[in-house]
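Okay, here's what each chain looks like letter by letter:
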Amino acid sequence: MGLLQLFSKKTFPHGIHPPEYKDETSRKKTIRLAFAPEIVLPLSQHIGAPAIPIVHKGQFVERGELIAEPAENALSVPIHASVSGTVKDIELMPSAKGPKVKSIIITTSPSSPQIPLTGGPQDYLSMDSTQIISAVKETGLVGLGGAGFPSYAKMMVPKERNIHTVVINGCECEPFLTTDHRVMLEKVDAMMTGINIAIKAVNADKAIIGIENNKREVMDVIRDRLPDDNLISVEAVETKYPQGAEKMLVKSLLGVEIPSRGLPSEIGLAIFNVATMAEMGSLLPNRQGLIERIITVTGDELERPGNYIVPIGTPLKYILDFAGFTGAEAELILGGPMMGLPVSSLETPVTKGTGAVLVLDKRATKRDDIQPCIKCSMCLQACPINLNPSELGQLAAKRRYDVMEKDYHLNDCFECGCCSYVCPSNIPLVQYFRIAKALNRERHIQNG
Amino acid sequence: MAKPSPKIDIRTSPYIRKAPTVAEIMRNVVYALMPIAVYGVYQFGLSALLLMITTTLSCALTEQLFCTLSGKKSTVSDFSAVISGLMLSMSLPPGFPLWMAAVAGFTAIAMGKTLFGGIGFNVFNPALVGRAFVQAAFPVSITTWTPAFAEGRFSELIPSTLAIPFMKPLPTEAWSMTVAPDGYTGATPLSLMKYQNIFTDSEQLLLGMTNGAVGESSAILILLCGGYLVYRKMLDWRIPAAVITGTVLTASVFYLIDPTDYPSPLFMVLAGGLMFASIFMASDMVASPVTPLGIFIFGLLVGFLTVIIRLFGGLTESIMYAILFGNAATPLIESYTQPKIYGTRKKGGK
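For the protein sequence lines, the chains are A and B, in the order given. Here my numbering is used: the first residue of the first sequence is 156, the next is one more, and so on. Here my numbering is used: the first residue of the second sequence is 8, the next is one more, and so on.
Worth double-checking, as some hints may not be accurate.
In the DSBU-like style, the derived pairs of lysine-lysine whose C-alpha atoms are separated by at most 30 Å in a straight line are [to be verified]:
1. B:Lys79 <-> A:Lys165
2. A:Lys292 <-> A:Lys255
3. B:Lys79 <-> A:Lys517
4. B:Lys347 <-> A:Lys517
5. A:Lys164 <-> B:Lys25
6. A:Lys553 <-> B:Lys201
7. B:Lys25 <-> A:Lys592
8. A:Lys252 <-> B:Lys240
9. B:Lys347 <-> A:Lys561
10. B:Lys79 <-> A:Lys292
11. A:Lys243 <-> A:Lys257
12. A:Lys164 <-> B:Lys347
13. A:Lys517 <-> B:Lys80
14. A:Lys184 <-> A:Lys472
15. A:Lys165 <-> B:Lys175
16. B:Lys175 <-> A:Lys553
17. B:Lys80 <-> A:Lys165
18. A:Lys561 <-> A:Lys592
19. A:Lys183 <-> B:Lys25
20. A:Lys177 <-> B:Lys347
21. B:Lys25 <-> A:Lys553
22. B:Lys79 <-> A:Lys164
23. B:Lys25 <-> A:Lys177
24. A:Lys517 <-> B:Lys240
25. A:Lys592 <-> B:Lys201
Chain A stretches covered by chain B per the calculated footprint, using a threshold of three residues with CB under 8 Å from any CB of chain B [unchecked claim]:
26. 305-319
27. 533-541
28. 573-580
No wet-lab data here; the hints were simulated from the structure. Computed from a predicted model, the values in this text were never measured in an experiment. Cβ coordinates follow ideal geometry from the N, Cα and C atoms, glycine included.
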């Protein structure tokens, strides 16, 4: 790599370079997974208020049918049936979020042709911003990158704020994950439509797609399909973790920072993930609900790792059986190895925000004993937010959670895990910070 | 349920981590010290070898003793005590009596480390605590220098090496005169500078052709060994860089005022223990700041103090006190240099 390229490379300070482990699946075309005999659709798959079921036990529902409405006057999205079948029950089921959540369970009908319901075509070009936003809400779309923030809400920008640029996040910085990679290759046209819809919804001047420079072939495919109006452009950014965090991507692409504890719209930006755009581009013109998504199933002890189109609500057990899970002792993770969620039950379903199912050999994830902090400052050099994880970790050990929040910006930590990754003393720093945040929240609630 | 589910372990992310561990870092520091140790033995002979063994054993045994006494798991295997021992010996005169070296090793670990709670909690660099103790306790022995490349250095010991505990060590002056390769006494470049205004050639300092402490002579060798650790990302290059910058800046001021009376910045950097101490001792992670600006200030402070004490203090070599002072100032420096976090900069950089 030339020196010039090194200096002109678009990136953000700090971060880490974990091994990518993407070769196993990045070249594999997505395959459609069969319908599981039973589907579990949690009412809360998004940030905000849970959806409200409008079906009852025993009712037959069509694939794509609206089965839960968004909660009124709250941040919430609807949920659609991902299979045709009979509602078996509405009850508490395991979820990746931790506690069990209320879910609609559907027994798949073996005789149904499973053709998705659509609301008929609609032309977004003739719609105004408000109409587009409510149409987006009807699709039930949330950020598919993992956070699960309702997409329509991102488009609702306060009047005094002017969005100039839509940033499209094509950085899949988590090791192992190739979902977005495949989406960008296979659904590029739908993605372009989605981006145009987003531009129209927020009245932006342009859109920039940021892609990590380890996906050159993806960039070529996208460059070929860029519309002639020059509204959309593609930029390469450094392959580095956590480049896919929106704060980092914005810094890399535009050199600006989202204000601490603030929103991208405060600096005139709206940020969407590429998979979200692809779904929006294919769902909205047909008035369809979000019923499936692409996930990467990979890791150790799998016979058939790959990228699968999975009906939302498919239990993990079914997916693992399909992928040929052979191991007996393994760690199951929904998402990537840096920020993914641990799974406690094989009944846990894939939700809208699940990008991957990762099976890691226990030996690979084994942690040694925790040793005292030797103040090597590696965590400070890794933290993309420029926090002082070393000091935060020592405060956490002393249970000084209030000081962590007040003086050391605990709440700016978005839990990327870089600090824990680099710590030579094995201190579970980000894990401490999660606990500290939770306890602080509890304390604030108690104190009113 | 047909068959029992596979056993699942619950932990939270991240699930992968990077090597190296603390023990690996420490082990590599030992590797990096080895060439310097070998050169020290080549330069000063058997006495230097015995000195290294004594301090290393003394440090390791002390660590073990305190672990046993406090009922904790032994931490000797993390190599940090071994490093303290090796570094301690490198900073001592080659003819330093072994029993005094053992005292230094004991003090280093007992007072410099375990008293504060062991690895990770020491306020000062343990090796320097040990050295400071013997500097105060045995001021004569620690400033008695013997010539490098002495004749017969691999077959006989420097007379003071085997001094009987609590007895006055044998004098070395007469011995030095007979064995020195060029009739040279034991004077170090820094004492020549201080008392006779003689500035040793930087070439000799670079290569390590001079007298001095066991492991401090060859600037070039020390740089190479430090470079290995930087390459392995096990040494924070910013600390030595800042110390050397501080030294050069301060020395330059005096050199510009009067080049005949004050040594050149290059001499200041290469002579004495500065190169070794800035790379291996000032960079002691535990006792130095973690914040980027703090690291810089710490280094400048150490460099500045070293030059000032060398030029105006009573001692010929002073980096030890400069680093200990920097260690003491570390919490204060850190509290004023917390990093500015993402998203809090002034707006307007649109």
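Do the hints match the structure? See the list:
1. B:Lys79 <-> A:Lys165: violated, 49 Å
2. A:Lys292 <-> A:Lys255: Holds: Lys292 (chain A) and Lys255 (chain A) sit about 25 Å apart, inside 30 Å.
3. B:Lys79 <-> A:Lys517: With Cα atoms ~29 Å apart, Lys79 (chain B) and Lys517 (chain A) stay inside 30 Å; holds.
4. B:Lys347 <-> A:Lys517: Measuring from Cα to Cα gives roughly 38 Å; hence the hint is violated.
5. A:Lys164 <-> B:Lys25: holds, 25 Å
6. A:Lys553 <-> B:Lys201: violated, 49 Å
7. B:Lys25 <-> A:Lys592: holds, 25 Å
8. A:Lys252 <-> B:Lys240: Measuring from Cα to Cα gives roughly 37 Å; hence the hint is violated.
9. B:Lys347 <-> A:Lys561: holds, 14 Å
10. B:Lys79 <-> A:Lys292: Measuring from Cα to Cα gives roughly 60 Å; hence the hint is violated.
11. A:Lys243 <-> A:Lys257: Holds, at roughly 13 Å.
12. A:Lys164 <-> B:Lys347: holds, 23 Å
13. A:Lys517 <-> B:Lys80: Holds, at roughly 26 Å.
14. A:Lys184 <-> A:Lys472: This hinted pair holds, its Cα atoms lying about 22 Å apart.
15. A:Lys165 <-> B:Lys175: violated, 67 Å
16. B:Lys175 <-> A:Lys553: violated, 49 Å
17. B:Lys80 <-> A:Lys165: Violated - the C-alpha atoms of Lys165 (chain A) and Lys80 (chain B) are around 47 Å apart, more than 30 Å.
18. A:Lys561 <-> A:Lys592: holds, 12 Å
19. A:Lys183 <-> B:Lys25: holds, 28 Å
20. A:Lys177 <-> B:Lys347: violated, 34 Å
21. B:Lys25 <-> A:Lys553: holds, 26 Å
22. B:Lys79 <-> A:Lys164: violated, 49 Å
23. B:Lys25 <-> A:Lys177: At roughly 18 Å apart (the allowed maximum being 30 Å), Lys177 (chain A) and Lys25 (chain B) satisfy the hint.
24. A:Lys517 <-> B:Lys240: holds, 28 Å
25. A:Lys592 <-> B:Lys201: Judged against 30 Å, a Cα distance of about 58 Å means the pair is violated.
26. 305-319: As far as the segment 305-319 of chain A goes, the hint is violated, because 0 residues have Cβ atoms under 8 Å from chain B.
27. 533-541: Answer holds; 4 residues pass the 8 Å Cβ test.
28. 573-580: holds (count 6)
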